[in-house]
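Using the sequences and the accompanying hints, generate a full structural model.
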Amino acid sequence: MSHKTKEQLGREATAIWNDIKGKALTAKDRMAIPPQDMATGDPLKRAREMGEVALGYTDEQALVEAARCLGCKNRPCVAACPVGVPIPEFIACVQDGEYKNAVDTIKMANLLPAICGRVCPQEKQCQSTCTLGKSLKSVDKAVAIGRLERFVADWERENGKITVPAVKAATGKKVAVIGSGPAGLTVAADVRREGHDVTVFEAFHKTGGVMVYGIPEFRLPKAIVAKEVENLKAMGVTFRTNFLVGRTETIYDLLDREKYDAAFIGTGAGLPKFMDLPGENLIGVFSANEYLTRANLMKAYDTEKAATPLYPAKVVGVVGGGNVAMDACRMALRLGAEKVYCIYRRTRDEMPARAEEVMHAEEEGVEFLFLQNPTRIIGDDTGHVRAVEVLDYELGEPDASGRRSPVAKPGTEHEIAVDAMIIALGNESNPLMAQTTEGLDVTKRGNIVVDAKQRTSLKRVWAGGDIVLGAATVILAMGEGRKAAKSINDYLAGNEEDIAD
Amino acid sequence: MHTILEKRQFSEEVFYLRVTAPEIARNRRAGQFVLVQIDTDYGERIPLTIADANAAEGWIALVFQTVGATTHKLALKGVGDKIEAILGPLGRPTHITKVGTVVCVGGGIGVAPLYPIVKAYKEAGNRVIAIIGARTKDLLIFEQEMRAAADEVIVVTDDGSYGRKGLVTEPLKEYCESSEPPAEAVAIGPPIMMKFCASTTKPYNVHTMVSLNTIMIDGTGMCGGCRVTVGGKTKFVCVDGPEFDGHQVDWDNMMLRMKAYKPREDADHHKCHMEIEAARIGDPDGDSGAAKAKAGGAR
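Protein sequences appear in the order of chains Y and W. So the first sequence is numbered by the numbering used here: it starts at 1 and just counts up by one. So the second sequence is numbered by the numbering used here: it starts at 1001 and just counts up by one.
Since the hints were derived computationally from the structure, they do not count as laboratory data. Errors might be hidden in some of the hints.
[What the hints assert, rightly or not] A partial selection of chain Y residues facing chain W, derived with a Cβ cut-off under 7 Å:
1. His-205
2. Thr-303
3. Ala-306
Model, not experiment: these values are computed from the prediction. For every residue, glycine included, the Cβ atom is placed at its ideal position computed from N, Cα and C.
Written out as structure tokens, the structure reads:
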């Protein structure tokens, strides 16, 4: 694929826009408009820099892309959105050049459009059901809903047009939100709007949860997350960092002594999964959580200023095929690796990562080793990683997930020289809340048990996001946050019973 | 923000800070630790065990040795200065019950985190014998506190400059062999010391609890950097520990992992002390290693 700059793409869009501007378009006209690509930085250059990879639409690109929306009556995209964003309505605003109205329309359902426009797996959600994409027989030709969402949110922020949502008169009720990731921030906003006092407790020194420690700068600039938190502060939400609920104070301390009326647990991902392989505890083997946290939150890439140590590695192996594995691969390039292997035991078709992330990783030079899986990690005589031994696989019958299952080919072990290994196979649940909160029901896997309204087994305590779902996405966490906030608001307004027990 | 209320220098590289932290002081229990970060933009988060606390006055005490960039910067702070972030109390508290006689062994700056544990065992009605050691007299810390808290205190120095000459494992072995062996032992100090305390008590089946201080970032069960092998299984010091059965810990792997960032630490630490320490723990094999087990050093 030839690599076009933002200027080239913008010029092409301008030509199309000049052609269709002011015309009454039929559905057929709209279907004939070419989908607008989003510009990205030059792959080999951007792979060495932390700056954002996807560069956003120009005005004309947004107008042209919005013109592709058929505004169909059955709105399948809305049903496929975990938070039910009124998509055709916001795109209609873009068609009219009413960007502020567009972003305000999104914010009725989703408070973090600049973030979701960047990290949502739209091709598996709204865009997967788009009528235009179906008509053109390719999800790649669906209306680029996520890119339009990002465009209007960026336009609002960059032009200083952000308005702070209105907050109702103070109710005197207090709500504790535990964790400042996507679920927690959503709850904070929705509960605060009803006039309740909200305090968000965060264990790290920075707010944003996975959006600051996990998702890298080159996919989601930290300034955008910081801006969303600023907006919440402007609404009157209080943030307390370096506060670990469960240890600094327990949930019971907050409810009983500190007189919070309700609490929401959104503590996110837990302990990283390892493979129980020989050599997994050698020096130079990291969980993706540790690797990405050092790189993102602790700024290991800034070797001049950061105190956190950067582990020097020229050849890095990453195990896994999800978005976190892609982030780890691409981060390794940016931290100076000359060669990065992504080792995955199935094939590209089965990868859980977003197609766009896989494509970006490949463009940047990540080498994919499909149908291979580590059997042991090999160290040198000082205990540092020197190689990984892998076994070849082939695809067999479909498994419970519907994907063809990998079958080992005995005797095919071979070594790949690497000097760091990153394990990106997902997370177990975080054990801390269950350890420190008597009476809180969790599943066998340690995830908090909730009902349809996100209520836990404890009175006045709700939960949502990865601590309930296991490893999921930003938007699913936000969806749970919305449901929980509604239930909390109903409860505080006296319109809902607390859990039946 | 936390304000430094008192600073003491125990030796060239070992410092004591008393800092404001009302919530941590109120909720901490023996055996727990905190993560300290001097600068929340670029600073590292380092685990330090709580050496003492006062809930009424709202402070905790930390004892640390200068090892890397953060501890060196921390050592430059004085009374009235601020520390941006202290997260805690972290880890599971020490499981303390009345068992009879407990021998508590502390080496180097490990004596500081041992102190609250000694107090807690004593308050639970146990007879507590403290064995505290250092390389030399000037490096011995918390002796007066220990004498006030424990029933009996044995001081050991490697060079014989104070107390008994030798290693902390020697009096520990004598207690295990005595007619009334301890019901439990606790060892906190450099990994090599804890390793040999555990191998000392093992033949006598004296349950020996050790406190591990591995590398970690979040301290809340997310990053996995603190993992150790205990009883053949991967455990996480921050949420499963910091205390483990010393007889089950894979010491050699733990000591290996502690060296992960050693080149960087050394670059930050111009003095040669760490090299000496590493040379000693680099040869932890059997009896010849035991002979090298010294009580001083980094924790």
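Query raised in the report: What are the numbers of the hints that this structure violates, sorted from low to high?
Result: 2
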